[in-house]
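**Q** What follows is the residue order along each chain.
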Amino acid sequence: MPEPSGPEDKRVAIEARGIVKEFGEGPSALRALDDVSISIRENEFFTLLGPSGCGKTTLLRMIAGFEYPTEGAILLHGEDIAGLPPFKRPVNTVFQSYALFPHLTVEENVAFGLEMLGRSKAEITSRVAAMLKLVRMEELAKRRTDQISGGQAQRVALARALAPGPKVLLLDEPLSALDYKLRKEMQIELKRMQHETGITFVFVTHDQEEALTMSDRIAIMSKGRVLQIGSPWDIYDKPADRFVADFIGETNFLTASVLGIENGLARVRLKSGAEIVATIAEGLTPRDEATLVVRPEHARAVASGGQVSGAVENVVYFGTDTHIHVRLDAGDIFMVRQQNRRTQSCGFEVGDRVGIEIASDAAQVLRD
Amino acid sequence: MASAAEIAKRAERENIRGRWLLSAPALVIIFIAAIGPLFVMLAYSFMTKGDYGDVKPVFSLDGWFSVFFQRDIFDDTLSIADAHLSIIWRSVRLSVITTLATLALGFPTAYFIATRPRHTREMWVFLVTIPFWTNLLIRTFAMQQVIRNEGVLNTGLRALGIIDQPLQIMYTDWAILFGMVYVYLPLMVLPLYASMEKLDFRLVEAGYDLYASRLAVLRRIIIPLVKPGIVAGSILVFIPSLGAYVIPRVLGGGKNLMLGNLIELQFGSGRNWPLGAALSITLMAVVMLALMVYVRNAARSGAGHG
Amino acid sequence: MARWGTRRFDIRVQPGFGTIALFTFALLYLPIVTLVVYAFNGSDSLSSWGGFSLRWFADAARNGAVQDAALRSFIVAVLAAGIATVAATMAAIATTRTAPYRGLGFKYAFINQPLMVPEIVTAVALLIVFSRVKVWTGYSGLGYLVLAHTAFCIPFAYLPIRARLEGMDSSLERAAADLYATPWMAFRRVTLPLLRPGIIAGFMLAFVISLDDVVITEFVKSGGQDTLPTYMLGQIRRAVTPEINAIATAFLALSVLLVTVFFFINRRKA
Numbered sequence: 274m275p276e277p278s279g280p281e282d283k284r285v286a287i288e289a290r291g292i293v294k295e296f297g298e299g300p301s302a303l304r305a306l307d308d309v310s311i312s313i314r315e316n317e318f319f320t321l322l323g324p325s326g327c328g329k330t331t332l333l334r335m336i337a338g339f340e341y342p343t344e345g346a347i348l349l350h351g352e353d354i355a356g357l358p359p360f361k362r363p364v365n366t367v368f369q370s371y372a373l374f375p376h377l378t379v380e381e382n383v384a385f386g387l388e389m390l391g392r393s394k395a396e397i398t399s400r401v402a403a404m405l406k407l408v409r410m411e412e413l414a415k416r417r418t419d420q421i422s423g424g425q426a427q428r429v430a431l432a433r434a435l436a437p438g439p440k441v442l443l444l445d446e447p448l449s450a451l452d453y454k455l456r457k458e459m460q461i462e463l464k465r466m467q468h469e470t471g472i473t474f475v476f477v478t479h480d481q482e483e484a485l486t487m488s489d490r491i492a493i494m495s496k497g498r499v500l501q502i503g504s505p506w507d508i509y510d511k512p513a514d515r516f517v518a519d520f521i522g523e524t525n526f527l528t529a530s531v532l533g534i535e536n537g538l539a540r541v542r543l544k545s546g547a548e549i550v551a552t553i554a555e556g557l558t559p560r561d562e563a564t565l566v567v568r569p570e571h572a573r574a575v576a577s578g579g580q581v582s583g584a585v586e587n588v589v590y591f592g593t594d595t596h597i598h599v600r601l602d603a604g605d606i607f608m609v610r611q612q613n614r615r616t617q618s619c620g621f622e623v624g625d626r627v628g629i630e631i632a633s634d635a636a637q638v639l640r641d
Numbered sequence: 142m143a144s145a146a147e148i149a150k151r152a153e154r155e156n157i158r159g160r161w162l163l164s165a166p167a168l169v170i171i172f173i174a175a176i177g178p179l180f181v182m183l184a185y186s187f188m189t190k191g192d193y194g195d196v197k198p199v200f201s202l203d204g205w206f207s208v209f210f211q212r213d214i215f216d217d218t219l220s221i222a223d224a225h226l227s228i229i230w231r232s233v234r235l236s237v238i239t240t241l242a243t244l245a246l247g248f249p250t251a252y253f254i255a256t257r258p259r260h261t262r263e264m265w266v267f268l269v270t271i272p273f274w275t276n277l278l279i280r281t282f283a284m285q286q287v288i289r290n291e292g293v294l295n296t297g298l299r300a301l302g303i304i305d306q307p308l309q310i311m312y313t314d315w316a317i318l319f320g321m322v323y324v325y326l327p328l329m330v331l332p333l334y335a336s337m338e339k340l341d342f343r344l345v346e347a348g349y350d351l352y353a354s355r356l357a358v359l360r361r362i363i364i365p366l367v368k369p370g371i372v373a374g375s376i377l378v379f380i381p382s383l384g385a386y387v388i389p390r391v392l393g394g395g396k397n398l399m400l401g402n403l404i405e406l407q408f409g410s411g412r413n414w415p416l417g418a419a420l421s422i423t424l425m426a427v428v429m430l431a432l433m434v435y436v437r438n439a440a441r442s443g444a445g446h447g
Numbered sequence: 015m016a017r018w019g020t021r022r023f024d025i026r027v028q029p030g031f032g033t034i035a036l037f038t039f040a041l042l043y044l045p046i047v048t049l050v051v052y053a054f055n056g057s058d059s060l061s062s063w064g065g066f067s068l069r070w071f072a073d074a075a076r077n078g079a080v081q082d083a084a085l086r087s088f089i090v091a092v093l094a095a096g097i098a099t100v101a102a103t104m105a106a107i108a109t110t111r112t113a114p115y116r117g118l119g120f121k122y123a124f125i126n127q128p129l130m131v132p133e134i135v136t137a138v139a140l141l142i143v144f145s146r147v148k149v150w151t152g153y154s155g156l157g158y159l160v161l162a163h164t165a166f167c168i169p170f171a172y173l174p175i176r177a178r179l180e181g182m183d184s185s186l187e188r189a190a191a192d193l194y195a196t197p198w199m200a201f202r203r204v205t206l207p208l209l210r211p212g213i214i215a216g217f218m219l220a221f222v223i224s225l226d227d228v229v230i231t232e233f234v235k236s237g238g239q240d241t242l243p244t245y246m247l248g249q250i251r252r253a254v255t256p257e258i259n260a261i262a263t264a265f266l267a268l269s270v271l272l273v274t275v276f277f278f279i280n281r282r283k284a
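Chains as they are written, first to last, in this note's numbering: chain U, 274 to 641; chain G, 142 to 447; chain L, 15 to 284.
These are computed hints drawn from the structure, not numbers from a lab.
A hint or two may mislead.
Stated by the list, open to error - Below are the DSS-like pairs computed for lysine-lysine, each with C-alpha atoms no more than 25 Å apart in a straight line:
no., chain 1, residue 1, chain 2, residue 2
1, G, Lys150, U, Lys361
2, L, Lys148, G, Lys197
3, G, Lys197, L, Lys235
4, G, Lys150, L, Lys121
This is chain U alone, in the form it adopts within the complex:
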């Protein structure tokens, strides 16, 4: 999909133009990527986000040179790199399995790329030391790679990929093998390193939370297509379609009939009869029937009033907040997330009648 280019638009590092990738041939061919166009700016933390099988890893491997597109072109700083084998591309990868060479030490792993580039001994030594310092692995330089932990292996893989000074660093789900706490730490570490090195990071993940916290911009992919590209805020708050809204965060969907449109806002009537004003997803002309999306934290359960009402079906306590699942009179489930207060519970019990108050401008009309 076309991307709005603003005045803040920086130089483009990587551009994918109309990429199509088919595996197999003839009618049984599997289309892994279907007309994908993305441009990634210099010095950007760019994330490809989507469920497994959406084509994000295929796209990454194509940038690295391990797959060839069936159609389309990949440009690195404006130059077509289709004909370049992986070992001639100034792009390095952090592999999902890390792919550390088991017969080499940590140090030798990090030095590998520099050696292959034919750098001098002195340069290699100092560069390797600098990289190990960057990832805080100086002490384990002489260890063999089967003698270090998963988190450490991850750091070595990063140092190894950064050592040759690539223009772009590709990261293929690098955190997926780590446990929760380590993952959180590495997310911050990665951000820091990207900031310090100023290298463009292209990050592949299926974890929406990871994508939201780390990225400058995110491309959401599904079934070989790019559904939306934007900042984390854009993606969360203004999802372009139902898939994006559903994939990112928790969401309530309501059906409504559109009464009229003015100034980019739609007046809609809910099944309960209440009328509200909703924003409209970018580039969309709503039809008569529309789907509304409301984030759970943008609604409030109230004892009386509200635009819709129903009965409490379940109350789930989460520590910082409580989720209240309400069966609406129209039959759908609506979830409300309320911040917990220290002194009192949420005040509702299963079976209670409640109203739901949707904050003004919280609802958005979606493309289906």
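Given the structure of chain U, go ahead and fit chains G and L onto it with the hints provided.
**A** Just chains G and L now, kept in the frame of chain U:
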């Protein structure tokens, strides 16, 4: 500028061409010194036998004909080639008995190894592996020392007073049978063990839980689950038994021939190369048939489990 | 019988299996032990025990025919196993870690063919072809033996190398390519070092197989080209003296040594 599609195609083509080049030396060597000669032999089986061995390049079906029939030297009448057929029959019979005997010994042995504690299991497997990798001729010769008239077996039996005359085992079918069972036993145990090692003993537990006796567990649970190993082991024993050459030559003496010796004879004193070639191809055909049965069986059991 | 009632029921036990297994192991080792014991027999004949002696080993070592045959066996085995290992390594790389392509199944069948045909059949087929070639070219050296041995060694060398390759993470080579290694450098610096245990195992298997071969050698060799096994085969048919036991025992010791080394290489890998 080449299009993306062309580049992808070219990379694919280069990859496959590279793979052919890499495998070329192995393929060429095997063609020259294994497969190619088989085709030459096939051609030889349709030629006329030479006077002093070798062949004359004249088409003839005599080689194939004399696998099954013989022409009387004096009156030119045809009769069934009893000698050949009895040797072929002996080969098949001894191979089948060898297979059954190795199975009877090998199955409990493999099961025994598979049920040892993990750390001692390796040692037992190792004990089977050593004879497996020991020279076949040496093992045949070793067996000869056990069964010959003054050998360990006869001396032992005599010392125990069980017999007073040595049993004549050497140069009988029994000697060949002992030799083949002994030599091919590891070939039965190893594949059987490989499939028993994977046996999930929770299934055996489930069998006992459902009131099965030990025999019923063996028959209804263990044997069906390790069937691929039984088939593999049987094939691995049957095929070399059928083509055995060294064992009958050393233990069977000159009289008790098997197919392998009959073939050799045609290239030696028999000087009938077309017949030898035809017999070789017959042997190979039987082996291929057995392998096909195996492959089909393996494919079926693979599909059943997958 | 009360004792039985309290005994733990072991689900793994099948009655009689242990006895048969122990009988099998006895059967496997009794002949070998007999052979070895007689090798140290001081008596002139195999029928009586003449006390412990190394004289037959000394005799065998002094025997010129044995020396020749042993040296020839060794040369053929080293050459055949060496060539087979190189060819098998290349073939293994060409046939693993790839999407199926046209001809892949053909390659498998081709490479494993020597395993599927009875040795005697290959042996006479080689006799037919090589006897012609010997007449045409006038060359009757060791080349024929080396070539024939190489062919049947290839599948044995191929097996462990292929197994090793299939267990290898292919992203390692991708990582090397990503780090600017050309295909050749990636092979030399990453694939080859990781493949080394498989290659060693393959070479050793091929070496043992070549060293052990009787049938094909018997039919391919020219006059005066006995290897140790064919020399022994010839001797066994004549009068058997404990010298054969001594040769066999030495041979056996070598095989056991190789198998043991092989076993431990494989175990370390796992």
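**Q** Which hints, by number, does the structure contradict?
**A** Structure breaks no hint.
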